[in-house]
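Each chain, letter by letter, is given below.
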Amino acid sequence: MIIYGVALLAACMVVGTFVGDYLGVLLGVKANVGGVGMAMLLLVTASASTRLRGLVEGASGEGIKFWGAMYIPIVVAMAARQNVVAAAHGGILAVAAGVSATVVCFALVPVLSRLSAKGQRDHADTTGQQGGR
Amino acid sequence: MAILEATLKANGLIVAFAVVGIAVWISYLLSARLTAGRVHGSAIAIIIGLVLAYVAGRFTGGENGVADIPVLAGVGLMGGGMFRDFAIVSTAFGVHIGELKKTGIAGVISIFAGVIVAFVVGALVAIAFGYRDAVAITTIAAGAVTYIVGPVTGAAIGAGSDLLALSIAAGVVKSILVMVGTPLVAKAIGLDNPQTAMIYGGLMGTTSGVAGGLAATDPRLVPYGAMTATFYTGLGCLMGPSVLYFAVKALFG
Numbered sequence: 001m002i003i004y005g006v007a008l009l010a011a012c013m014v015v016g017t018f019v020g021d022y023l024g025v026l027l028g029v030k031a032n033v034g035g036v037g038m039a040m041l042l043l044v045t046a047s048a049s050t051r052l053r054g055l056v057e058g059a060s061g062e063g064i065k066f067w068g069a070m071y072i073p074i075v076v077a078m079a080a081r082q083n084v085v086a087a088a089h090g091g092i093l094a095v096a097a098g099v100s101a102t103v104v105c106f107a108l109v110p111v112l113s114r115l116s117a118k119g120q121r122d123h124a125d126t127t128g129q130q131g132g133r
Numbered sequence: 001m002a003i004l005e006a007t008l009k010a011n012g013l014i015v016a017f018a019v020v021g022i023a024v025w026i027s028y029l030l031s032a033r034l035t036a037g038r039v040h041g042s043a044i045a046i047i048i049g050l051v052l053a054y055v056a057g058r059f060t061g062g063e064n065g066v067a068d069i070p071v072l073a074g075v076g077l078m079g080g081g082m083f084r085d086f087a088i089v090s091t092a093f094g095v096h097i098g099e100l101k102k103t104g105i106a107g108v109i110s111i112f113a114g115v116i117v118a119f120v121v122g123a124l125v126a127i128a129f130g131y132r133d134a135v136a137i138t139t140i141a142a143g144a145v146t147y148i149v150g151p152v153t154g155a156a157i158g159a160g161s162d163l164l165a166l167s168i169a170a171g172v173v174k175s176i177l178v179m180v181g182t183p184l185v186a187k188a189i190g191l192d193n194p195q196t197a198m199i200y201g202g203l204m205g206t207t208s209g210v211a212g213g214l215a216a217t218d219p220r221l222v223p224y225g226a227m228t229a230t231f232y233t234g235l236g237c238l239m240g241p242s243v244l245y246f247a248v249k250a251l252f253g
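Chains as they are written, first to last, in our numbering: chain F, 1 to 133; chain X, 1 to 253.
A hint or two may mislead.
[As the list claims (entries may be wrong)] Mimicking SDA-like on lysine to any residue, the simulated pairs with C-alpha atoms at most 25 Å apart in a straight line are: (1) F:Lys65 to F:Tyr4; (2) F:Lys30 to X:Val117; (3) X:Lys249 to F:Val104; (4) X:Lys101 to F:Val111; (5) X:Lys102 to F:Gly68; (6) F:Lys65 to X:Gly21; (7) X:Lys187 to F:Ser100; (8) F:Lys65 to X:Leu77; (9) F:Lys65 to X:Asp192; (10) X:Lys102 to F:Ala46; (11) X:Lys101 to F:Ala48; (12) F:Lys65 to X:Gly80; (13) F:Lys65 to X:Trp25; (14) X:Lys101 to F:Val15; (15) X:Lys187 to F:Ala46; (16) F:Lys65 to X:Val15; (17) X:Lys187 to F:Ala117.
[Stated by the list, open to error] Computed, partial: chain X to chain F, Cβ under 8 Å: (18) Arg58; (19) Asn64; (20) Ala67; (21) Ile69; (22) Pro70; (23) Phe112; (24) Ile116; (25) Val117; (26) Val125; (27) Ile127; (28) Phe129; (29) Gly143; (30) Ile168; (31) Ala211; (32) Met227.
No lab work stands behind these hints, which were simulated from the structure alone. All C-beta atoms, glycine included, are put in the ideal place defined by N, C-alpha and C.
Using the sequences and the accompanying hints, generate a full structural model.
So, in structure tokens, the structure goes:
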């Protein structure tokens, strides 16, 4: 049943968002802390579990895949509802702040990425002797 | 005409599905015919969306782009936070835990680095533009983190509405640039595997920017980038009015 998959997805999102909101209140932050991330982890865990197989295999899985395929159209709708006028009219300061922050962070991606790869290699070196992966 | 308008208004979300579908179809056509597939169809669709949002914003004077046109109000629901997050979560289906673990601590570092670096760069720009007041510098800098962190931080430390507007504008510029710029720089920054996508998500952090940028680059990377980006705004809202504000205050009193 397609609805089983959709229901599982919905349940993961509700639980994750709730935990994120709760975490926000606990930390005194006016924002959801990692709700979507936790919902994703729940879905990953649920879809790997043998007990919930009926909710993710066959037609049920199609219910989840459908929403994954709707992701790009939803992002297009999201783009179409941005306050682009405000961004363009925020003046040169807003543009300068936004652009420089973005450019610097783009540039950092390969730097941190290399650190991550190096960490993995070092780890592999130390565990390699015991026939690690 | 009045009947048509009533029909469209009464079926907002359904109209949005049809309209977005047409926009995506045109975009993929343009991608294939004009760029021989070099520019991804979804990248063109996102740009068309942004252009329409700009035109609609000028036309209606509203803040929600196309969604402020009554017959297209459904686009606001379809592209709103609820459907966006639902679709993002669904992309995690089929993700391997192993890929997430491989990035490990670098993923966590990237979130902290992303918030702090964006804040520092934003602060430097504010200072370069002549701001010397700790509240103003912090609010603008927090806007460079994301357009949610900016106003949350500004409101917490008592910034005026003009500063809040400025900080939101900075955040929206960042989000749009991440959406449009990611497919252009993807090759140069090695954004072609799950590990780098997680680090990218943590560094850029703006959920809409990362969602749009990865969709236009390689949809398979979406869950990995979204996973780290989801913690970014929370961390920014946590650090903005506290440690980051105190640091600016220590320097500028």
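field: Restraint satisfaction for Gly143 of chain X [CB to CB of chain F, less than 8 Å]
entry: 6 Å, holds
query: Measuring from the C-beta of Ile168 of chain X to each C-beta in chain F, is the shortest one below 8 Å?
result: With a minimum Cβ separation of about 7 Å from chain F (threshold 8 Å), the hint on Ile168 of chain X holds.
- prompt: Does the alpha-carbon distance linking Lys65 of chain F and Val15 of chain X stay inside the 25 Å limit?
  reply: 22 Å, holds
message: Ile127 of chain X was flagged as interface toward chain F. Is the shortest Cβ-Cβ separation under 8 Å?
response: 11 Å, violated
field: Restraint status (C-alpha distance of Lys101 of chain X to Val111 of chain F at most 25 Å)
entry: 19 Å, holds
message: Need the status of pair Lys187 of chain X, Ala46 of chain F: alpha-carbon distance at most 25 Å?
response: 34 Å, violated
message: Please verify whether Lys102 of chain X and Ala46 of chain F have alpha carbons no more than 25 Å apart.
response: 20 Å, holds
message: Hinted pair, alpha-carbon criterion (25 Å max): Lys65 of chain F, Leu77 of chain X. Please report holds or violated.
response: OK: Lys65 of chain F and Leu77 of chain X at ~21 Å, within 25 Å.
message: Holds or violated: Lys65 of chain F and Trp25 of chain X, Cα atoms, limit 25 Å.
response: 20 Å, holds
field: Proposed interface contact between Pro70 of chain X and chain F, which counts if any beta carbon pair is under 8 Å
entry: Because about 14 Å separates Pro70 of chain X from the closest Cβ in chain F, which is outside the 8 Å limit, the hint is violated.
- prompt: Within 25 Å, alpha carbon to alpha carbon, are Lys101 of chain X and Ala48 of chain F?
  reply: 15 Å, holds
query: Does the structure keep Lys30 of chain F and Val117 of chain X at a Cα separation of 25 Å or less?
result: Given that 25 Å is the threshold and the Cα spacing comes to 22 Å, the pair holds.
Taken one by one, the earlier hints fail for this structure at numbers 15, 21, 22, 23, 24, 27, listed in ascending order.
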